Amino acid sequence: MRTAISPLVMRQPRSVRDALRMLRDDGPLTPMAGCTDLYVGLNFGTLGDRRFLDIWGLDELRGIEVRGDVLRLGALTTYAEIIRSADVRRRLPMLAAASREIGAVQIQNRGTIGGNIANGSPAGDALPVLAAADALVELRGIEWTRRVPFTDFYTGYRASVRRPDELITAVEFPRVAGRQWFRKVGTRAAQSISKVVMAAVRADRPRIAFGSVAPTVVRVRRTEDALAAGASVEEAQRVLQEEISPIDDIRSTVAYRREVAARLLAQFWSVTR
Amino acid sequence: MSRAVGRNVVRKDGAAKASGRARYVDDLTRPGLLYARTIRSSIPCGEITRLRLAFDASGFTVVDARDIPGRNVVSLITDDQPCLADRQIRHMAEPILLLAHEDRERLLGAAVEVDYLPATPVLDAERSDRVFKHVAITKGDVDEGFRRADRVIEGEYRTGHQEHLYIEPNGMLAVPENGGVTVWGSLQCPYYVHRALAVLLGLPDDKVRVVQAETGGGFGGKEEYPSMIAGHACLLALKSGRPVKLVYDRVEDMLATTKRHPAIVRHRTGVARDGRLTAMDIDVLMDGGAYCTLSPVVLSRGCLHATGPYRCDHVRVGGRVVMTNTPPNGAFRGFGAPQTLFAIDVHMDRIAEALGMDPARLRELNALRPGDTTATGQVLGRDAAALDVLRAAVARGDYRRKRRAYRGTNRGIGLSLFFHGAGFTGSGEVKLQSKASLELTATGVRVLVASTEIGQGQRTAHAQIVADALGLPYDAVEVAVADTSQVPDSGPTVASRTTMVVGGLLKQGAAEMRTMLGHLTPAAYLRAHGPLVVTKQYEPPPGLVWDDETYRGSAYGSYGWACDVIEVERDPVTEEIRPIRVTTAQEIGKAIFPLGARGQIEGGTAQGLGYALTEEVVMRGGAMANAQLTNYIVPTTLDTPPMDVVLVEKPYAHGPYGAKGVGEMPFDGVAPAVVNAIRSLGIDLRQIPATPERVMAAPRIRDSRLRQAADRPASARQAGFGIRKR
Numbered sequence: 001m002r003t004a005i006s007p008l009v010m011r012q013p014r015s016v017r018d019a020l021r022m023l024r025d026d027g028p029l030t031p032m033a034g035c036t037d038l039y040v041g042l043n044f045g046t047l048g049d050r051r052f053l054d055i056w057g058l059d060e061l062r063g064i065e066v067r068g069d070v071l072r073l074g075a076l077t078t079y080a081e082i083i084r085s086a087d088v089r090r091r092l093p094m095l096a097a098a099s100r101e102i103g104a105v106q107i108q109n110r111g112t113i114g115g116n117i118a119n120g121s122p123a124g125d126a127l128p129v130l131a132a133a134d135a136l137v138e139l140r141g142i143e144w145t146r147r148v149p150f151t152d153f154y155t156g157y158r159a160s161v162r163r164p165d166e167l168i169t170a171v172e173f174p175r176v177a178g179r180q181w182f183r184k185v186g187t188r189a190a191q192s193i194s195k196v197v198m199a200a201v202r203a204d205r206p207r208i209a210f211g212s213v214a215p216t217v218v219r220v221r222r223t224e225d226a227l228a229a230g231a232s233v234e235e236a237q238r239v240l241q242e243e244i245s246p247i248d249d250i251r252s253t254v255a256y257r258r259e260v261a262a263r264l265l266a267q268f269w270s271v272t273r
Numbered sequence: 001m002s003r004a005v006g007r008n009v010v011r012k013d014g015a016a017k018a019s020g021r022a023r024y025v026d027d028l029t030r031p032g033l034l035y036a037r038t039i040r041s042s043i044p045c046g047e048i049t050r051l052r053l054a055f056d057a058s059g060f061t062v063v064d065a066r067d068i069p070g071r072n073v074v075s076l077i078t079d080d081q082p083c084l085a086d087r088q089i090r091h092m093a094e095p096i097l098l099l100a101h102e103d104r105e106r107l108l109g110a111a112v113e114v115d116y117l118p119a120t121p122v123l124d125a126e127r128s129d130r131v132f133k134h135v136a137i138t139k140g141d142v143d144e145g146f147r148r149a150d151r152v153i154e155g156e157y158r159t160g161h162q163e164h165l166y167i168e169p170n171g172m173l174a175v176p177e178n179g180g181v182t183v184w185g186s187l188q189c190p191y192y193v194h195r196a197l198a199v200l201l202g203l204p205d206d207k208v209r210v211v212q213a214e215t216g217g218g219f220g221g222k223e224e225y226p227s228m229i230a231g232h233a234c235l236l237a238l239k240s241g242r243p244v245k246l247v248y249d250r251v252e253d254m255l256a257t258t259k260r261h262p263a264i265v266r267h268r269t270g271v272a273r274d275g276r277l278t279a280m281d282i283d284v285l286m287d288g289g290a291y292c293t294l295s296p297v298v299l300s301r302g303c304l305h306a307t308g309p310y311r312c313d314h315v316r317v318g319g320r321v322v323m324t325n326t327p328p329n330g331a332f333r334g335f336g337a338p339q340t341l342f343a344i345d346v347h348m349d350r351i352a353e354a355l356g357m358d359p360a361r362l363r364e365l366n367a368l369r370p371g372d373t374t375a376t377g378q379v380l381g382r383d384a385a386a387l388d389v390l391r392a393a394v395a396r397g398d399y400r401r402k403r404r405a406y407r408g409t410n411r412g413i414g415l416s417l418f419f420h421g422a423g424f425t426g427s428g429e430v431k432l433q434s435k436a437s438l439e440l441t442a443t444g445v446r447v448l449v450a451s452t453e454i455g456q457g458q459r460t461a462h463a464q465i466v467a468d469a470l471g472l473p474y475d476a477v478e479v480a481v482a483d484t485s486q487v488p489d490s491g492p493t494v495a496s497r498t499t500m501v502v503g504g505l506l507k508q509g510a511a512e513m514r515t516m517l518g519h520l521t522p523a524a525y526l527r528a529h530g531p532l533v534v535t536k537q538y539e540p541p542p543g544l545v546w547d548d549e550t551y552r553g554s555a556y557g558s559y560g561w562a563c564d565v566i567e568v569e570r571d572p573v574t575e576e577i578r579p580i581r582v583t584t585a586q587e588i589g590k591a592i593f594p595l596g597a598r599g600q601i602e603g604g605t606a607q608g609l610g611y612a613l614t615e616e617v618v619m620r621g622g623a624m625a626n627a628q629l630t631n632y633i634v635p636t637t638l639d640t641p642p643m644d645v646v647l648v649e650k651p652y653a654h655g656p657y658g659a660k661g662v663g664e665m666p667f668d669g670v671a672p673a674v675v676n677a678i679r680s681l682g683i684d685l686r687q688i689p690a691t692p693e694r695v696m697a698a699p700r701i702r703d704s705r706l707r708q709a710a711d712r713p714a715s716a717r718q719a720g721f722g723i724r725k726r
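Top line first, the protein sequences correspond to chains A and B.
According to my numbering, the first sequence holds residues 1 to 273 in order.
According to my numbering, the second sequence holds residues 1 to 726 in order.
It should be emphasised that the hints constitute simulated quantities derived from the structure, not laboratory data.
Since this is a predicted model, take the numbers as computed values, not measurements.
Each hint should be verified, as a subset may be incorrect.
[Stated by the list, open to error] Here are some chain B residues pointing at chain A (derived, C-beta under 10 Å):
no.: 1; residue: Leu-107
no.: 2; residue: Val-573
no.: 3; residue: Ala-625
no.: 4; residue: Thr-630
no.: 5; residue: Pro-692
[To be verified] Away from chain B, derived, C-beta distances all over 10 Å, residues of chain A:
no.: 6; residue: Met-22
no.: 7; residue: Met-32
no.: 8; residue: Ala-189
no.: 9; residue: Ser-245
no.: 10; residue: Glu-259
Idealized CB from N, CA, C, for every residue including glycine.
Chain A with its partners taken away, still in its complex shape:
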């Protein structure tokens, strides 16, 4: 059943600084922006959080820019903006590809890259791209800014190194050398949640990440090592099986996720040859 709204608290900051002050002085507050997942929980009655910080209006957190070798996306950059961006399409085509497969047009207009990171779903479609691209997550507190490698960001299922008084303000991508590849295995052609999702870069040392096969999105470094060392795809598939730990849930099965992850690896390896 739908959650009653009136007992909930929502704060509306006017600036990032204002937001950070509220997080510090009036926390805990859950930042909310596009709300594309939050409203699902609200309607299903499973939303645990009761106090929110509405950052949707903070335009300082919008925008895509290239600073030398770094592609920087403000946390509130929507998927629609990512899809439209020539810089993203040129430098990070796998992120554009992932964004096109998120939800459908309505979700792409509201959903944000920062929200995808903060929500921390293992099925987050953009997250394997961030892992494979060695992205950095920019976190700001009232008196500090720090950058955390995306691959170190999560500490467990929907748990991260973000402190309750910090806001995700941007994500930065170094230049990615090599051929990029992305594939989402969903449940239908649109409005689907991943059963398995993979992003990868074919370089001397391949970089490979999966979603929906473990409590968090994962970089499969031993599989990468095996391929870099010249192992066969079959050998790499065996290593991969040890690195992932999918579960049975209402969307798919362990057996299916394991097999499809292995097949995606082989497909990536053969089409980027």
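Start from chain A and add chain B according to the hints.
Using the frame of chain A, we list chain B on its own:
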């Protein structure tokens, strides 16, 4: 004057819906309105031991079973389902308590604590010993049929639950008035609700008024369940003395309301070497859920369609529908037939495989023809069109060439041949005694029927029939709102009967009115003779005889016939099956409103693709675990392939302008055609939905096995078979 029948006239409900003026139940309000909420069980089986309101109850109206003035039942077939659980709980999300408040937020925030003494639920139909209904159909001597067989082919086929997913969730507005109550609601069957309310509230018929609000789809899901919701809204309205609105959100609608019956169908079939069917032994098991609801009739229709549109002299069909501790299953487009038609038509492809025959040829050989008798002994008339639709779809879909061309690729093509009996089963129409009226107005005529517009085009088709029969322009015909204080009981809007049966009554009434009018215009007639209302009541066509005890006779007045040819593409990495083209030929007697008929066929086919491929109701502990649009995977537009629809018309002598039913049949044949297309890829799947997980896990048919399949030599035949425990 151009005729209306057979033309694509402007829909009667079109402008209001397209412009947003149409008013659905959630658009309605009244001064002093209370909002309502249903407190439901959180166990599948057991007893309530204690119930406590853990909130400030000021301003709340609270109703439990003790507040029911009449009988605590949702009156339908057996009256076994309580409107509010008193002590016993038989399924998850069973209604226990009702709350109403003028502030929705207070309502949503109210917590009710319920303690239970849980009991062990029965969640597996195969393990249930509580049977709601048995059906047995016998024709000839099935043992003799097996003696004549060269081969015996066996198989078991399984289908799952399905959610209706009408675009508008269920809802009712109840208003206490005139010493009784009036409800406006999203519903298919105003008189079902009317009867259920009179029984529940202990009110005389004239103190209960039921009005259909504009309704956003039904598919059978608003056949029986609205009686429950209307009861809840009325109990709160009568106790509070205020108008009460009870509208479900999507999650509640998916969790609590009815689904399609899951089924397990077992076939054992004797075939001669040349492909003729010599014996069909069919066992049908359906899961009815916790209460009887409409399960006996669903089972009945399932069994009556279990042989498919095939001729066989020796048939035995045994069916039963059993109780499980899951929310009751109910009416859903096709009403039992999709489950059994799935089984027989996948089985037919396996027979073809075993004989090394072309599946289309096997069907051509065995298809029912005019003059043939069905399993119940009904002799088919000249409108039996199985061969016509088969040949049309096979040619138009280029089935034979593509089947050869696709061999060894990831493309597959499959076929299904099917039929659907229109109208109520057996003697149902006679018992209904449906009535339809026409009232002369100054500018034309008003149609007075209890049939409901649920998006299928009822108002339009009825107006077309009346316009032509009366010799008036289509625009001179208005269609009254289905309001039990204004319209006679035309029976429920179900069973593909609205055009054929109710439309037939309207045509008779219009013809009679035309004679009475003579050369007078409606206005001149009213001036000369005063008001004129003509009412017609159903009479069975001559020769239509049915025996409920023996299941012999004419099961339906007429059958529609259809053939689907469906092409799919398999993704070799993900095992996803994507439908890429549908060709369907459907014989419906006469298309009164051709655009509407095509819409029904395309929509029914799309819904069938969901049933076949993606729509899995995940049941955990007796409840739907994926009761969200996010996780219950209904196809989107992007998942729906191009469809080539061929309308075939072989007029039914007793239908208006030859019309038969069209609402349900398009759904029936999709799943078997899809699974047969998957089969043509060498994948032996016998269960739907054909999710990628199931396709991946399914056994592969090796070429050497293609010619022998999983059959056994006739010498090893058994006398019959019962239900095996898994």
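- Message: Tell me the numbers of any earlier hints that the structure contravenes, in ascending order.
- Response: Of the numbered hints given earlier, those the structure breaks are 8, 10, listed in rising order.
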